[in-house]
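Visitor: Taken in order, these protein sequences are the chains called A and B.
If you read the first sequence in this note's numbering, its first letter stands for residue 1, the second for the next number, and so on.
If you read the second sequence in this note's numbering, its first letter stands for residue 1, the second for the next number, and so on.
It is possible that some hints are incorrect.
Pairs count within a copy or across copies, as identical chains cannot be separated in the list.
Subject to a maximum C-alpha distance of 27 Å in a straight line, what follows is the list of computed BS3-like cross-link-like pairs (lysine-lysine) [unchecked claim]: (1) LYS507 <-> LYS454; (2) LYS98 <-> LYS69; (3) LYS511 <-> LYS454; (4) LYS73 <-> LYS507; (5) LYS454 <-> LYS73; (6) LYS98 <-> LYS382; (7) LYS507 <-> LYS453; (8) LYS382 <-> LYS453; (9) LYS507 <-> LYS382; (10) LYS417 <-> LYS73; (11) LYS5 <-> LYS453; (12) LYS382 <-> LYS417; (13) LYS382 <-> LYS116.
Simulated from the structure, these hints should not be mistaken for lab results.
Number of protein chains: 2
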Amino acid sequence: MRQLKSYLGGQWVSGEAPMSTITSAVTGEAIAETSTRGLDLGAALAHARDVGGPTLRAMSFVERGELLKRLGKIIHANRDELIALSAENSGNTRGDAKFDVDGASGTLAYYGSLGKRLGEGTFLLDGPSEPIGRAPRFVGQHVFVPRRGVAVHINAFNFPAWGMGEKMAVSLLAGVPVLEKPATATAVVTARVVELWDEAGIPAGVISLLAGSAGDLLDHLGAQDVVAFTGSGDTGRIIKSHPRVLALNIPVNIEADSLNAAVLGPDVEVGSDTFQMFLNDVIRDMTQKAGQKCTAIRRVLVPESSVDAVWEEMVERLQTHAMGDISERSTTVSPLSTASQQRDILGGIAELEAAADASWTHPQPCPEPGFWVAPRLFRTDKGIDAPFVHEHEVFGPVSTVVTYSGSADDAVAIVAKGGGGLVSSIYSDDRTWGAEVLLGLAPWHGRLQWGSKKVYDQGVGPGTVLPGFVHGGPGKAGGGEELGGVRGLRFYWQRTAIQGDRALLEKILGKVEA
Amino acid sequence: MRQLKSYLGGQWVSGEAPMSTITSAVTGEAIAETSTRGLDLGAALAHARDVGGPTLRAMSFVERGELLKRLGKIIHANRDELIALSAENSGNTRGDAKFDVDGASGTLAYYGSLGKRLGEGTFLLDGPSEPIGRAPRFVGQHVFVPRRGVAVHINAFNFPAWGMGEKMAVSLLAGVPVLEKPATATAVVTARVVELWDEAGIPAGVISLLAGSAGDLLDHLGAQDVVAFTGSGDTGRIIKSHPRVLALNIPVNIEADSLNAAVLGPDVEVGSDTFQMFLNDVIRDMTQKAGQKCTAIRRVLVPESSVDAVWEEMVERLQTHAMGDISERSTTVSPLSTASQQRDILGGIAELEAAADASWTHPQPCPEPGFWVAPRLFRTDKGIDAPFVHEHEVFGPVSTVVTYSGSADDAVAIVAKGGGGLVSSIYSDDRTWGAEVLLGLAPWHGRLQWGSKKVYDQGVGPGTVLPGFVHGGPGKAGGGEELGGVRGLRFYWQRTAIQGDRALLEKILGKVEA
């Protein structure tokens, strides 16, 4: 059986028995094992901090960008191997595996280019300098400098490559070394990526990997470290309230649960281009990655008048999707990644079943063995008062149609009932209605998409996270923010106002405007 | 006796007995009492959210700025009354009271002007739009929109006017109503300010005041609310780990303990202009507000070679300061604000006494009654290994001289031992040394000041917080950030990426660049 190792202190190391078993989502059989027990995680963090940190901080943005480009190219050069591993471990269809692997290489390439744009400096000025007193000589200048710690990245099971790539790209470009901790259940792809990088050569201490349980990792954090986490709200709360995180006021970025919504406007006619866009987005999000995307649409708001037609069209589309042999092109729905995911989602489905006014189940029996769940559609006519629907994210090929009046106010209130989300989308060609809903939803989301007839054939749907736009959301979604081009670097930087003699500051900081 | 009331739900209300007593720092006698017991704080927050929020969000930045200017003018018009109240409650000399009261009106005026600059909109675009796909028609635009909640501001005892003014100015300009909770012990000035505003007329629900214990306030927070706190790290941790704050991922900004340092460069000759600037800053911070400023210099790093001369000069200057009748111009050191502050600081002084290699006490006996502590100077030759000095902030007229080698590396290491601070300052005319220390200290601070011969007569020292520059710091200092002009508004905003048809987005968001 494959033994996963961790890459800590510049060495590939293994923990002591007992080992954790990693299973195939398709066969349910063990394919790898790993342990982090007994590893000196304090020393691992210190190595990243003391060896990787100075190396990265001495590199210019251009040089850091070149490193990222190289990391992305290595992933791309080994794409087929990684896609095969993703199939073996997570049970991903080729399409779903590509979405993850190409997401990783694409994001690394994007931040590589951003490095080139940011130029030859090692830190960034923030705005022009401003005079402090009467004399123009005495000024203050804000700068962004990299924190002198390690970025601990705790990633989710659903994106073993992209999840690591997107956090790492931002942190390394900012000048902060990373320790990546993937979800153990799907760590095979992640570990292989780091292995490929190590074989090609990476600067010492810049990238570390903890392939398994986090153990006492957080107990060794320092005041200049940061933690970014993607996963459940419950685990997020455990991290945020960890005694050392609290004692040292360590910044924590959390991307958690989200009841993303798609809202169909009352003006949209069934069969129109805007309607097709709506349908494409909803069905893509229910089936891609078996609905195991944090950005997937969980709630579909449809005006009462068109709900029957929408339901019919959705069912018709979903029926064209099939589970089965994931190596076959005809298979468009993957199994879930783990047995515990399957358990959780079946539990969620039972709750929705009890709460819903109507439901539909994909007629195909689930393949066996493997962690399959058939696509499910629910409907509630209870709007904002519907139980469970607005509270709990069922993280599989599952969505609920929520009928509503069609009014902008109702749409905003029902979506906001979700308590804050990563992304929602609206579909309308009515400018007034659209503006009202969009601006009403904005404070509750990190990202919004407005589908309309002029762009019906554009974009990759609200479910695709793009590196140039922020990813995160308030409230239930965790309150964090990642990506967004240079915006994402902020988390890894300290902003400092430096006051002094303009001429002196210009000498050490570069051009300081008067 | 004066009864303080809270201003909640548009009414002046009082809680039930037993009342908390507020004492005079000069006489130790009760001067006011207050209670928040039994007040419906959930209803108070809902009023701010539902009445104040929509009003503010409908106002343009210009209109919000005009409101702030008016609030600032009312403070300025009643300056003498507020200074007198500050003397009566906190025992502030006229100079110290002015520092607080003028800080409040000045910050409100600054953000008033910023409102004018931000213009007629009600929210802000963040950067240009960027194309998403191949077609230039489909773009994403980041916007900053006000959160739809209340900003709960929990302020410190040392700045009853400025502490409220600086947080409120930023929040109201951002479009978020405030509930201000001053420290009970010094709430007399704060309550009077809100009373003056109410008499002059303020829009309903925009400003609320809780004059006393916070009670169950945090239990009523909503997902769109935020909390900004200034005070001890211990209380900060209680707020950050409050179950509701964790459950809803409510943003918390903390400004806490800080062992601010002043570092004298090895090139600076005793008696030079740069030396005088160093001495002015250190002595001002030890005596102004009796050292009860979160930005005051607690550690004075001096090269071994000049430590005797520095000590002598410091003692000479400190001897010119006097405690006494706070209405007399000759009195330049106020008492501490409360009996518990006095107790804490005497405890801290005992610890420093035990740890120090030398110490000096202001020869004047403390006046009686009142919460006086005589200025104290300590010295340690143990550098980075000195016990207590780098761990604990003694929040009074107290500072410790730490001898060091003069090397830039040693200076950075010793200052960083403080674990993250609000502001530190360096004094040198050596460009190489200065650059090394400043850039080494930057990741550990929110603000730095470089004193040098060309600016020796400029500025108001590192201890004065200016609205145009950020205030806050990493690690022990709380990890927060306030002020900094428009930067401070970020905390009260949700950033949202809006994707869609460029023409449609331009219509609803204003000009969106291609």
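Visitor: Evaluate each hint against the coordinates.
Guide: Results for each hint:
no.: 1; hint: LYS507 <-> LYS454; in the structure: between (51 Å within a copy, 14 Å between copies)
no.: 2; hint: LYS98 <-> LYS69; in the structure: within (18 Å within a copy, 56 Å between copies)
no.: 3; hint: LYS511 <-> LYS454; in the structure: between (44 Å within a copy, 19 Å between copies)
no.: 4; hint: LYS73 <-> LYS507; in the structure: neither (37 Å within a copy, 40 Å between copies)
no.: 5; hint: LYS454 <-> LYS73; in the structure: neither (35 Å within a copy, 51 Å between copies)
no.: 6; hint: LYS98 <-> LYS382; in the structure: neither (39 Å within a copy, 59 Å between copies)
no.: 7; hint: LYS507 <-> LYS453; in the structure: between (54 Å within a copy, 16 Å between copies)
no.: 8; hint: LYS382 <-> LYS453; in the structure: neither (30 Å within a copy, 72 Å between copies)
no.: 9; hint: LYS507 <-> LYS382; in the structure: neither (65 Å within a copy, 34 Å between copies)
no.: 10; hint: LYS417 <-> LYS73; in the structure: neither (43 Å within a copy, 41 Å between copies)
no.: 11; hint: LYS5 <-> LYS453; in the structure: neither (51 Å within a copy, 57 Å between copies)
no.: 12; hint: LYS382 <-> LYS417; in the structure: within (13 Å within a copy, 58 Å between copies)
no.: 13; hint: LYS382 <-> LYS116; in the structure: neither (52 Å within a copy, 46 Å between copies)
Hint violations for this structure: numbers 4, 5, 6, 8, 9, 10, 11 and 13, all remaining hints satisfied.
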